[in-house]
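Participant: Note that the protein sequences, when read in sequence, are chains A and B.
Quick note on numbering: the first sequence equals residues 8 to 85 in the numbering used here.
Quick note on numbering: the second sequence equals residues -4 to 170 in the numbering used here.
If you're looking for bench data, these hints aren't it; they were derived computationally from the structure.
By construction, the Cβ of each residue, glycine as well, lies at the ideal position given by its N, Cα and C atoms.
Careful, some of the hints might be misleading.
[Said to hold, decoys possible] Which stretches of chain B does chain A cover? Using the computed rule of at least three CB atoms under 8 angstroms from a CB of chain A, they are:
{"no.": "1", "segment": "91 to 98"}
{"no.": "2", "segment": "150 to 156"}
[Said to hold, decoys possible] Per label pair, the in silico range of CB-to-CB distance:
{"no.": "3", "chain 1": "B", "residue 1": "Asp68", "chain 2": "A", "residue 2": "Ala73", "range": "47 to 55 angstroms"}
{"no.": "4", "chain 1": "A", "residue 1": "Ser83", "chain 2": "B", "residue 2": "Ala93", "range": "12 to 20 angstroms"}
{"no.": "5", "chain 1": "A", "residue 1": "Asp27", "chain 2": "B", "residue 2": "Leu166", "range": "37 to 45 angstroms"}
{"no.": "6", "chain 1": "B", "residue 1": "Pro55", "chain 2": "A", "residue 2": "Ala25", "range": "16 to 24 angstroms"}
{"no.": "7", "chain 1": "B", "residue 1": "Glu35", "chain 2": "A", "residue 2": "Ser83", "range": "38 to 46 angstroms"}
{"no.": "8", "chain 1": "A", "residue 1": "Gly84", "chain 2": "B", "residue 2": "His24", "range": "18 to 26 angstroms"}
[To be verified] Interface residues of chain B toward chain A, partial, derived using beta-carbon atoms under 7 angstroms:
{"no.": "9", "residue": "Ala17"}
{"no.": "10", "residue": "Gly21"}
{"no.": "11", "residue": "Ala48"}
{"no.": "12", "residue": "His56"}
{"no.": "13", "residue": "Ser60"}
{"no.": "14", "residue": "Asp68"}
{"no.": "15", "residue": "Leu112"}
{"no.": "16", "residue": "Leu115"}
{"no.": "17", "residue": "Arg141"}
Given next are the chains, with one letter for each unit.
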Amino acid sequence: MTCESCSLPLVADADHGASDPTNRYCRYCTDASGVLRPYDHVLADFTALLVRTHGLNETAARETSAGIMAAQPAWSGR
Amino acid sequence: MDAARAELADHGYREANTARIATGAGVAHGTVFLHFPTREELLDGIVMADGQADAAEVVPHLSGSPTLRALLDLHLRQLDAHLPFARMLARELPSLPAALRARVLVVRTPLAEAMRLAILRGQSAGQLRAGDPTTWLSFWFGAVERLLAHPDLFPPLAVRGPALRDGFLTLLECP
């Protein structure tokens, strides 16, 4: 199972929003109560995650994040 | 999946042949297209499946605040489990379509983030030198990718990997 917003793997309960295994989104894409955050916030945090874990430059990280998110169900209507 | 992984490992992304995958899997040629209509979806499916399995292996380590050494060992084990495929990815990553390159990065993120947090914990405890964890991780992933991409030049991962791990930790650990 993967996050329907950013496609990160959802393996443990803690990976899901609000640690709820039925939540289709990950902890990075949701607020404390497990609700999907606005697109711009998710994009900014996903970009920052790729920068700090892989050392990507900001532009590449943002393009990568936006490309992945565009293919996810949460953002298919955008 | 195993047949497709083997085909991609042997022939690379651009030369992979669906007829050989079907033969290897013992299914009709059309069945391959039923599951994976395009070459990109085929590789994406394998990367996703392996990424899920790898992430599942990271989880048990997280509950116990794993050391960086434990996570480096886990990384080496995961690469070794699908070594020919990992070599193909390391060799061909720069020329893969952008969406596939993005996918590879994303599935590696849980382990990379766990390593980053382990470095921060080690630094807070005074066990690891100060420094930007992202930069340290770039050293590690760069060294491993180089090893994987040129198997004809370097000793096998099973031999060189532990030496790289020990050298990397020697650089990071406080005397």
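Participant: Each of the hints needs a verdict: does it hold here or not?
Facilitator: Hint by hint, here is what the structure shows:
1. 91 to 98: holds (count 5)
2. 150 to 156: Coverage by chain A is violated here, the residue count being 0 at a Cβ distance below 8 angstroms.
3. B:Asp68 <-> A:Ala73: 47 to 55 angstroms: At roughly 34 angstroms between Cβ atoms, Ala73 (chain A) and Asp68 (chain B) fall outside 47 to 55 angstroms, so the hint is violated.
4. A:Ser83 <-> B:Ala93: 12 to 20 angstroms: 19 angstroms, holds
5. A:Asp27 <-> B:Leu166: 37 to 45 angstroms: Given range 37 to 45 angstroms: holds, Cβ gap about 41 angstroms.
6. B:Pro55 <-> A:Ala25: 16 to 24 angstroms: 22 angstroms, holds
7. B:Glu35 <-> A:Ser83: 38 to 46 angstroms: 18 angstroms, violated
8. A:Gly84 <-> B:His24: 18 to 26 angstroms: 36 angstroms, violated
9. Ala17: It is violated, given that the least Cβ distance between Ala17 (chain B) and chain A is near 27 angstroms, above 7 angstroms.
10. Gly21: Status violated, d = 28 angstroms.
11. Ala48: Where the cut-off is 7 angstroms and the nearest Cβ of chain A is about 9 angstroms from Ala48 (chain B), the hint is violated.
12. His56: 11 angstroms, violated
13. Ser60: Check failed: Cβ of Ser60 (chain B) comes no nearer than 14 angstroms to chain A, outside 7 angstroms.
14. Asp68: 19 angstroms, violated
15. Leu112: Check failed: Cβ of Leu112 (chain B) comes no nearer than 10 angstroms to chain A, outside 7 angstroms.
16. Leu115: 10 angstroms, violated
17. Arg141: 16 angstroms, violated
Hint violations for this structure: numbers 2, 3, 7, 8, 9, 10, 11, 12, 13, 14, 15, 16 and 17, all remaining hints satisfied.
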